Amino acid sequence: MPRRHLIALSLGASLLAACSGGEPEWNGHDIAGVMPDVAYELTNESGEVVTEAAQADHPRLMFFGYTYCPDICPITLARIQAALQQLPAAQRDEVRVLFVSVDPDRDDPARLRDYTSGFGDQVIGLTGSQKQLKALHKRFRVTYGYGEPDEDGFYLVSHSSAVFAFDRQGRARLLFNQDVTADQMAADLSRMLASAP
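Each step along the sequence shown adds one to the number in the UniProt record's numbering, with nothing skipped, and position 145 is 145.
Calculated directly from the structure, the hints in this document are not laboratory data. It should be emphasised that the depicted structure is a prediction, and the values quoted were computed from it without experimental measurement. Keep in mind that the hints are not guaranteed to be accurate.
Unchecked claim - Now the in silico label distances, taken between C-beta atoms and shown as ranges:
(1) R139 with G47: 19 to 29 Å
(2) G47 with G145: 20 to 30 Å
(3) D108 with D179: 29 to 39 Å
For every residue, glycine included, the Cβ atom is placed at its ideal position computed from N, Cα and C.
Please construct the entire structure, taking both the sequences and the accompanying hints into account.
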């Protein structure tokens with residue numbers, strides 16, 4: 001091959017490498033600057049009214065669900081725990097997982113506490129009034145709704161399956177949908193925690 005062609009190929013490869021920016025893409029969706037900071041007023045699993053200040057300086061994952069959920073909630077919480085287990089201990093111990101129940105009529109603080117205890121000490125159950133829950137859902141552009149009760153009074157609740165990730169300052173950084181694996185989530189969280197002040 002003529003020398004000039006080799007030089008052209010080499011320059012082309014260099015330009016492509018420069019254009020890539022060098023930063024790998026996130027596995028989750030980058031929502032920095034698109035979604036608002038974490039903010040809420042809810043009741044925790046000890047029955048206390050708390051705000052986002054209760055977990056200040058901690059990176060947080062927020063997930064909406066309910067304890068009677070037959071599939072998405074336990075699967076998602078298990079996936080979060082599997083991701084956290086892959087982080088170095090120092091990073092893992094920082095993270096708080098906020099499980100926000102959208103079923104306050106059935107999910108009282110005691111039930112929330114029993115449920116979250118099965119997924120690790122980092123998982124914190126929260127719920128609130130319909131007014132508080134609707135305000136939080138509006139803030140993060142998600143919805144929830146209730147199905148018709150059966151003859152035993154049992155009903156399903158439709159809710160977002162997204163997991164929101166916030167950095168230590170409470171800024172929205174990432175959104176994980178159900179297609180993101182535990183390994184991919186762990187990689188993103190490790191990168192987020194390492195890059196945030």
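Determine which of the earlier numbered hints do not hold for this structure and return their numbers in increasing order.
none
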